[in-house]
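Participant: Line by line, the protein sequences give chains A and B. Counting from 1, one number per residue, gives the positions in the first sequence under my numbering. Counting from 1001, one number per residue, gives the positions in the second sequence under my numbering.
Calculated directly from the structure, the hints in this document are not laboratory data. Mixed in with the good hints, there may be bad ones.
[Stated by the list, open to error] So the derived label-pair ranges between C-beta atoms look like this:
| id | chain 1 | residue 1 | chain 2 | residue 2 | range |
| --- | --- | --- | --- | --- | --- |
| 1 | B | ALA1152 | A | GLY186 | 27 to 37 Å |
| 2 | B | ASN1189 | A | ASP37 | 55 to 65 Å |
| 3 | A | ARG50 | B | PHE1180 | 38 to 48 Å |
| 4 | A | GLY186 | B | SER1037 | 41 to 51 Å |
| 5 | A | GLY186 | B | ASN1189 | 50 to 60 Å |
For glycine and all other residues, C-beta sits at the position ideal for the given N, C-alpha and C.
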Amino acid sequence: MRDAFRIRFQAMGGDGEFMIAAVDETQARRLAQAAIDEVRRIEHKYSRYREDSIVSRLNAAAGGPAVECDEETLQLLDYADTLYGASGGRFDITSGVLRRAWDFRVPRVPSSDELAPLLALVGWPEVERRGARVRLPRAGMQIDFGGFGKEYAADRAGALLSGRGLRHGYVNLAGDLRVVGPRPDGSAWAIGIQHPRQPGALVASLPMYAGGLATSGDYERGFDLDGRRWCHILDARSGMPVSAWQSVSVRAPLAVAAGTLSTIAMLLEDEALPFLESSGHDYLAIDRHGTLHQRAFPGPPAGGEATRRPPAATPHPTPT
Amino acid sequence: MAATEAARLPGSALLAAALALPGVQPASADSAPDQRSVSFRYLDYLDRQPGRDRVRIKAPTVHALAPLGSDWSVSGSLVSDAISGASPAYHSSALTRLRDKRQAGELSLTRYLADGTVSVGAGYSTEADYVSRGLTVQGSLSSDDRNTTWHAGLAVNRDAINPVTGAVSGERKRVADLLFGVTRVLSSNDVLRLDASASRARGYLSDPYKLFDERPRERRSTRLLLRWNHHLPSLDGTLRLHWRAFRDDWGVRAHTLGLEWVQPWRWGLSLTPQLRLHTQSAARFYVDAQPGPSVPLPPPDALHSSFDHRLSAFGARTWGLKLAKTLGPEWTVDVKLEHYEQRAAWRIGGRGSPGLEPFQARSWQVGLTRVF
């Protein structure tokens, strides 16, 4: 019988973890290294902080010439277009400029005068694309893939491991999971979902055999002021934080689908439940009053298995 | 470039869009089969020349494949050939009766690794006058994106030959084959495969039942095989094209072009028409037939000679049709008909060997496969 080895690493601004069933740790590490390399490749290619990344080159050319993009980037842009459509313009990969007004380390709500010039730079429909050439039409416009890059990396790493013969294990990038296959004995991995108001506590434990699981929540970054929570998940149309949900978790075949479904559900506020139902995937949503809404997920943690091994179920960066 | 607010996409559209992202789904190298399969085939072959049936072969075959755990598979086959009829002692003349039975078996074991496969196999075949033993080792290695797979294989055979005519006895034949190949997925509809192989045969390579058949004791040959499978989504059919080039140090140069169209139909039926064109030059020591009834003789100073029409210069055409039908989730039945015709005049790029009768063969085969 194979054992499962846990391999930790740092990537994409958070904790990464692979659980890999292998005959020995050497084999597990060798497999993990290829997957870590893939995660780092995506991190570098789409980093906002590296001047040579495709994202930096697109942003630097805003208002200027079009930039030739490779196939992978074009496909990510296609996906971003779908997200814009599915969220009615709330999920917009050009909304990163709003970060200049929102600093969640300080409990201060920016004025509408501060937001207005930034909102003028938000506008995915204005991004021009001719074949492989992409152009941001106004100087100061920015795109970034922070809204789903980590989940995409988790899927790529999971697919790579699976292609190399891994049957039992998962990829966990700061709480975004891609499960390649069940435990070596065929049973499910029990994945804990963090309680949005009680750090370290679990609100549920979800059995995962394969596929993606991701959570978006208001608890990771944000501040409390005047009796409400101001979180980092911003509606791209208004530039203001959403407040209907404390957290939304979705289980879908891919981590990238789970992650973007949960983020869009947060953004849709009162329309989230019909949207989640229409997706056909399992979800667990906790509204602003702490009430649980779910489909097909088991209830609060039964203890034992689940509480023993909670992964870092932190929310992922969303379009802020 | 963007969708509009007016037409908000349903949540179900997201997964489909996500699945279109590159590299998010596993692309596996060959993985161990997770089902067993057993198939039974029966072949009936008959060849003839004008006015005379020649060789008839009836051959039932069983083949089985089974997974062993998650990383191994084992496969094996057994075949029993019953050969009867008559074969010419030289050119198309002096048909001599023959009757033989051949029993053959093969067993191979495959290990599936993360990026490839390794398999070893052994085969044994026995006839009244001929025993053959073979060993094979094969491996494949796939690229990370699984779009390219490299293949390599080595096969060795050791045969013992004791013809009933006593023309020779205790003769041996050894053959070694080495193959390298690459398969490349060009698009979701196109797969290309190129194989290059070299073979060296040493020992008794003559046909003891033919007159004045004295071939060299060594034969080196090389083969190139290019296959292209092209799927046409609009017709849901697949074109399979192959071209094979062969040359050896006996002077035989041959080219074969094969064309198949696989057309799935309703009710689980699939129809595959086939066409194959072949052309070859004669071996250097092949002796042409002479007009008139006299028995030919090899040239007086010839070290080697053969009157075997298979070493002559000719062209050949094969027409075939295969019909397959699935019967529920576990069973498939198929029927295949083929007609082969060989004529000197059909040689392409040169003259065919004169004085030979046209040669024809027809075969039919039925098969039943169960996967469970």
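Participant: What hint numbers does the structure not satisfy?
Facilitator: 2, 4, 5
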